[in-house]
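Visitor: Sequence:
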Amino acid sequence: MSTKEWRELFNRNEYHEITGSYLLVIEDAKRKFEEISKGEWDLKKYIVWLQISTNQKYASIGFIPNIENFIDVIPFEIPNQGMYQNGRGVQFYYEIDNVELKETIFMR
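Its first residue numbered 1, the sequence shown is counted upward by one per residue in this note's numbering.
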């Protein structure tokens, strides 16, 4: 695909705006995810969920294994001989301004 072709895929009037603090929260969550996974969970096999609280003070960053089965919007995977195809899911909750981790929730 030429430069002109892929550039035309962007809607010039549609932007997604985040603050620099939110970017720092995402970076910290990625670092914590890598520490927990000890390099064993390939981030390419994950979907990342990003949420900001209604008052814009808190953020949630969830690393969800790329799983095709969901039960009530919760990813569900049946292990094969006790082994999961993908790693665990983990969700981090932060106070945005201080880049302070408030809570970590593990899935599975």
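The reader is advised that the hints may include incorrect statements.
As the list claims (entries may be wrong) - Simulated crosslink set (DSS-like; lysine-lysine; CA at most 27 Å straight-line):
(1) 44 to 32
(2) 57 to 32
(3) 102 to 57
Said to hold, decoys possible - Ranges between beta-carbon positions, derived for each pair:
(4) 10 to 37: 30 to 38 Å
(5) 53 to 32: 37 to 45 Å
(6) 45 to 23: 22 to 30 Å
Just so you know, these hints were derived from the structure itself, not from any lab. Even for Gly, the Cβ is constructed at its ideal location relative to N, Cα and C.
Visitor: Evaluate each hint against the coordinates.
Guide: Now the hints, each set against the structure:
no.: 1; hint: 44 to 32; result: 16 Å, holds
no.: 2; hint: 57 to 32; result: 20 Å, holds
no.: 3; hint: 102 to 57; result: 12 Å, holds
no.: 4; hint: 10 to 37: 30 to 38 Å; result: 33 Å, holds
no.: 5; hint: 53 to 32: 37 to 45 Å; result: 19 Å, violated
no.: 6; hint: 45 to 23: 22 to 30 Å; result: 23 Å, holds
Hint 5 from the earlier list is the only one contradicted by this structure; the remaining hints agree with it.
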